[in-house]
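*Asks:* This is what each chain is made of:
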Amino acid sequence: MDDMLFYDRLQFAFTITFHYIFPQLTMGLSLMIVFFKWKFLRTKSVKYNDAAKFFMKIFAINFTMGVVTGIPMEFQFGTNWAKFSELTGSIIGQTLAMEGLFSFFLESSFLALFIFGEKLMGQKLHFLTGFLVFLGSWASGWFILATNAWMQHPVGYEILDNGKYVLTHFSELFANPWLLPAFLHNQVASVVTSSFVVASIGAFYVLRQKNIEYGKLFLKTGVIFGLISSLLIAFPTGDWNAKNVAKYQPASFAAMEGIFETEEAGAEIVLIGQPNMVEKKLDNKIAVSNILSFLTYQDWDKKIQGMDQFKKEELPTNIPALYYSYHIMVGLGTIFIGIMFLAGFFLWRKKLFTIKPLLWVIMFLVPFPYIANITGWYVAELGRQPYLVYGLLKTADGVSPTVSSGNTLFTLLGFVALYMLLGLLFLVLVGKTIHQGPKHQTH
Amino acid sequence: MTATLVSLISIFMGILGGNSTKILVKNNSFDVIGNTIAGVFGSIFFIKFLGRLGFSPQNIVDKGIVNYQLFAINSFVSFFGGFVAVFIIKKIVNKLQKDTSVTNSDFYT
Numbered sequence: 000m001d002d003m004l005f006y007d008r009l010q011f012a013f014t015i016t017f018h019y020i021f022p023q024l025t026m027g028l029s030l031m032i033v034f035f036k037w038k039f040l041r042t043k044s045v046k047y048n049d050a051a052k053f054f055m056k057i058f059a060i061n062f063t064m065g066v067v068t069g070i071p072m073e074f075q076f077g078t079n080w081a082k083f084s085e086l087t088g089s090i091i092g093q094t095l096a097m098e099g100l101f102s103f104f105l106e107s108s109f110l111a112l113f114i115f116g117e118k119l120m121g122q123k124l125h126f127l128t129g130f131l132v133f134l135g136s137w138a139s140g141w142f143i144l145a146t147n148a149w150m151q152h153p154v155g156y157e158i159l160d161n162g163k164y165v166l167t168h169f170s171e172l173f174a175n176p177w178l179l180p181a182f183l184h185n186q187v188a189s190v191v192t193s194s195f196v197v198a199s200i201g202a203f204y205v206l207r208q209k210n211i212e213y214g215k216l217f218l219k220t221g222v223i224f225g226l227i228s229s230l231l232i233a234f235p236t237g238d239w240n241a242k243n244v245a246k247y248q249p250a251s252f253a254a255m256e257g258i259f260e261t262e263e264a265g266a267e268i269v270l271i272g273q274p275n276m277v278e279k280k281l282d283n284k285i286a287v288s289n290i291l292s293f294l295t296y297q298d299w300d301k302k303i304q305g306m307d308q309f310k311k312e313e314l315p316t317n318i319p320a321l322y323y324s325y326h327i328m329v330g331l332g333t334i335f336i337g338i339m340f341l342a343g344f345f346l347w348r349k350k351l352f353t354i355k356p357l358l359w360v361i362m363f364l365v366p367f368p369y370i371a372n373i374t375g376w377y378v379a380e381l382g383r384q385p386y387l388v389y390g391l392l393k394t395a396d397g398v399s400p401t402v403s404s405g406n407t408l409f410t411l412l413g414f415v416a417l418y419m420l421l422g423l424l425f426l427v428l429v430g431k432t433i434h435q436g437p438k439h440q441t442h
Numbered sequence: 000m001t002a003t004l005v006s007l008i009s010i011f012m013g014i015l016g017g018n019s020t021k022i023l024v025k026n027n028s029f030d031v032i033g034n035t036i037a038g039v040f041g042s043i044f045f046i047k048f049l050g051r052l053g054f055s056p057q058n059i060v061d062k063g064i065v066n067y068q069l070f071a072i073n074s075f076v077s078f079f080g081g082f083v084a085v086f087i088i089k090k091i092v093n094k095l096q097k098d099t100s101v102t103n104s105d106f107y108t
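Top line first, the protein sequences correspond to chains A and B.
Be aware that the first sequence starts at 0, since it is given in numbering that gives the first Met the number 0, and climbs by one per residue.
Be aware that the second sequence starts at 0, since it is given in numbering that gives the first Met the number 0, and climbs by one per residue.
Calculated directly from the structure, the hints in this document are not laboratory data.
Please note that the accuracy of each hint is not assured.
Stated by the list, open to error - Calculated cross-link-like contacts (lysine-lysine; reagent style DSSO-like; alpha-carbon spacing at most 30 Å):
| id | chain 1 | residue 1 | chain 2 | residue 2 |
| --- | --- | --- | --- | --- |
| 1 | B | Lys90 | A | Lys118 |
| 2 | A | Lys46 | B | Lys94 |
| 3 | B | Lys47 | A | Lys82 |
| 4 | A | Lys438 | B | Lys21 |
| 5 | B | Lys47 | A | Lys163 |
| 6 | B | Lys62 | A | Lys118 |
| 7 | B | Lys62 | A | Lys431 |
| 8 | A | Lys118 | B | Lys97 |
| 9 | B | Lys89 | A | Lys123 |
| 10 | B | Lys97 | A | Lys38 |
| 11 | B | Lys25 | A | Lys118 |
| 12 | A | Lys431 | B | Lys21 |
| 13 | B | Lys89 | A | Lys46 |
| 14 | A | Lys118 | B | Lys21 |
| 15 | A | Lys438 | B | Lys94 |
| 16 | B | Lys94 | A | Lys123 |
| 17 | B | Lys90 | A | Lys123 |
| 18 | B | Lys25 | A | Lys431 |
| 19 | A | Lys43 | B | Lys94 |
| 20 | A | Lys46 | B | Lys47 |
| 21 | A | Lys438 | B | Lys97 |
| 22 | B | Lys97 | A | Lys123 |
| 23 | A | Lys43 | B | Lys25 |
| 24 | A | Lys431 | B | Lys89 |
| 25 | A | Lys431 | B | Lys94 |
| 26 | A | Lys438 | B | Lys25 |
| 27 | B | Lys62 | A | Lys393 |
| 28 | B | Lys94 | A | Lys118 |
| 29 | B | Lys47 | A | Lys438 |
| 30 | A | Lys431 | B | Lys97 |
| 31 | B | Lys62 | A | Lys163 |
| 32 | B | Lys62 | A | Lys438 |
| 33 | A | Lys82 | B | Lys62 |
Excised from the complex, chain B in its bound form (with noise of 0.2 Å):
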């Protein structure tokens, strides 16, 4: 296996901690579309900067040899990942709407 193959499957670890949102915390989250891009760019996020400290996909895989300590944690971040994504950009939106909702004027009259 090489970094290619687990920089994938940390991906698919944040859109399921992204979908996981719907059974854990079912007020933030969104629909299956909205969970699965947020879990993805979460997971990015947090691989991206805190894979730095060891356990990015390079690190996990040295000349073909997997470090799977390192993996379970880089699976595991990512899961984590996707999860606080959802959950931040819902307060985002809901905070948006909730300011926008009386200040907007109609538009369309």
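For reference, chain A alone in the conformation it holds in the complex (with noise of 0.2 Å):
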């Protein structure tokens, strides 16, 4: 039972992190679509519309590749989650249904009307349907979300004699006090992505000085979308998010920032520590008194729990791995800020074009995003654990008991063999395209 669970959840991780480098991307990526034909009908100039049809071309590599990989994360319900898709699925059924009909087809119909219908709609149609690719990539998250705010923090349910859970209130999954900031948190991660995409192109056209205006539109749009998303993401939607699991889920919380005994007089923030599961205390730490208990409740003395506050089955099961994701999300959030802030200062002073080192930074920087979006779910996904349903349905009894543990191992090499096909055919694919260049299509 343990290896099913282990399989089960190893395959699940693997897919998913897969399967969240493209999301993350198009859903960014189409409000900064959105924003360059806005600027193309405002002022004429074409190459903002190129910069849109683009950028389009890199969304719908990357929606595809989100479409491939996300079909099998839908089997893996009924596959390996076989129980606990039969006990919630009248309640995650209907939100994963809302994405599929709604989101998934306003998005795959409007980005096809985007990419072949700029003729025969006029600019302004075609600005619309850009709007509405954004308007069903940022759905999409909506509900997926509402989906993963139901596991965080189950809202509006009861429980049948025959342990199967229903809604007893439909609004009250959007109405879950988890999902709003949750919400915000993952699509401004989801700009920073995008944002820094866009201004590694731009980094790449001028350093090899090619597409050069391209790559001077590209920089400036990318850093300032970088800086801002890089604040808001830290506050307000990273703080909410934070007093939430405290609220919610303050075993997670005190495991996350590796607080393994109360202190009474306020809680401590650790900027650098391991833990140490053994003697129970972060190794090595370097730590600023009572700050955690400032940005948590804004009082400077007030008491957190610790882990030693809980029991050992309330406490998530890999503390290490989810001290550690919280924290590289929180450095690596912290670097964006640092990096957006001088290249947005070397914009204003004009001088951005012309520093290499800084464009060579920014050129590389663009997979870091993509960790810090991904280390951000595993905080969530390990911080809920030993449950699936928090508070209500552990983990080990959501696993489908007649799929043996071999089998799923099968699969897991399969897709690693796969996916790594897929990857590789997703870099030559965008390569091309960035090697292309906007080609100015419209004269």
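Once you've looked at the hints, go ahead and assemble the two chains, each given alone in its own frame, into the complex.
*Replies:* Below, the structure written as structure tokens:
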């Protein structure tokens, strides 16, 4: 049984991590495409239209890869997590179905119209199709986050005699206090990724002295979007999320912050340290006193419960992984603010395009928002353990009893092989698009 | 093997089908990016729609046992779905461009 649970979790972790590489870019990029198209309508400058069409091509590749990797996720609910689907299907099935029916079809239909229909529709309708693609992609995030929010903080449900969960109030699914902060944090994080991608392509063109006019436009837009979103990711969205975790999942909060023992006179914030699970302490700790209490409760001396206040079965199952994921996310977020602030300053001083070391940094920084986004999701998912539905359904009780661990391992190996192939195909297609550049297609 | 892996292999067959148009019907084909995108959607559409006849991934794998005949049918339909999607989309795009080439006013002048 332990083997089965391990491989089911490993497979889901692997497939969802690979899947989330794609939607995190499409959600943020769709907003930037709408911005480029809007600028084109306002200024009539063709370079904005070319930028919108160029990034829609990259969007389309990402969207397609997201679909390819998303379809197997759907099957996993049935094959690997059948018990979970059986018990909670009448709740999570609703938001997942809405994601497919409303968001996916909205997004894919108008994506095709955006790519092929510019001449047919005229510019204003073309802008509208771009906006509807954006709406579809963000609605998709909303429905997925609504599903996850219910798993993190279940509301509006009752448990029937047969153990199944049903909704008592449909509206509570979307009024869940977990949902809005999680959604905003997630969406702003996707804008961080997309702005770094746009800025990185811009830096590449400027450094290569190729498509320089577009390179400068991408850099400028990427840096401005990147600076704003990097700040918003920390405050208010990140702050709001952390307060929610402290309120609804205090054991997870203690674990992710690395608080082993309750500090009565206010909790410190840990900057660096390694969890020592044998001695129940952080090794080589560097911390600042009372800051965590202030950030969480706006009270320097407020007590925050440490892990010593909880029973072992209430604590997350992998505390070091949770702690490191959280600190990697926060650390990278802080670095993003610093770099984007620096780039924003030089952009304001009209020197950004000539400072080559900074352009190299911007170009090679592109994997890190992906890492920050993915570790952010690890925080949410590892923090919820040992539950699938927090406080109600244990992860071990949600697996399919009839799928053997050998079967799951074989499938996982197949996924690793096929996803390597898919990843290679993705890099080739995106590389080809960037190499072609934002061709001037309108004259 | 579980149905999850079958669904992924199925989509790969669609990508192959979409890109095979480059060899089989050169005039009705996009570049590798367009063929791949159309191939993915074509295979998903065909399998979701026609898979109900008995060769969907859930039907192929029952308690870990793979029915290779159904698997072969699924792969073929997926390949065909990718191929047909490229063919049809290309026709539509050609028609759209033909219809709008004369009537489209020059927005930029």
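*Asks:* Would you mind confirming whether the straight-line C-alpha gap from A/Lys438 to B/Lys94 stays at or under 30 Å?
*Replies:* Given that 30 Å is the threshold and the Cα spacing comes to 23 Å, the pair holds.
*Asks:* Need the status of pair B/Lys25, A/Lys431: alpha-carbon distance at most 30 Å?
*Replies:* holds (20 Å)
*Asks:* Between A/Lys431 and B/Lys94, is the straight-line Cα distance small enough, at 30 Å or below?
*Replies:* holds (27 Å)
*Asks:* What's the verdict on B/Lys89 and A/Lys46, does the C-alpha distance respect the 30 Å limit or exceed it?
*Replies:* holds (27 Å)
*Asks:* Is the Cα-Cα distance between A/Lys46 and B/Lys47 30 Å or less?
*Replies:* violated (40 Å)
*Asks:* Check whether the Cα positions of A/Lys431 and B/Lys97 lie no farther apart than 30 Å.
*Replies:* The given pair, whose Cα atoms are some 27 Å apart, holds under the 30 Å limit.
*Asks:* Check the hint pairing A/Lys438 with B/Lys97 against an upper bound of 30 Å on the C-alpha distance.
*Replies:* holds (21 Å)
*Asks:* With the threshold set at 30 Å, check whether the alpha-carbon distance from B/Lys62 to A/Lys393 stays at or below it.
*Replies:* holds (24 Å)
*Asks:* With the threshold set at 30 Å, check whether the alpha-carbon distance from B/Lys47 to A/Lys82 stays at or below it.
*Replies:* Given that 30 Å is the threshold and the Cα spacing comes to 24 Å, the pair holds.
*Asks:* Is it true that the CA of B/Lys25 sits at most 30 Å from the CA of A/Lys118?
*Replies:* This hinted pair holds, its Cα atoms lying about 25 Å apart.
*Asks:* Mind checking the alpha carbons of B/Lys62 and A/Lys163 for me, to see if they're no more than 30 Å apart?
*Replies:* holds (24 Å)
*Asks:* Quickly compare the C-alpha distance for B/Lys62 and A/Lys118 to 30 Å and report which way the hint goes.
*Replies:* violated (52 Å)
Checked against the numbered hints above, the structure breaks hints 6, 7, 20, 23, 29, 32 and satisfies the rest.
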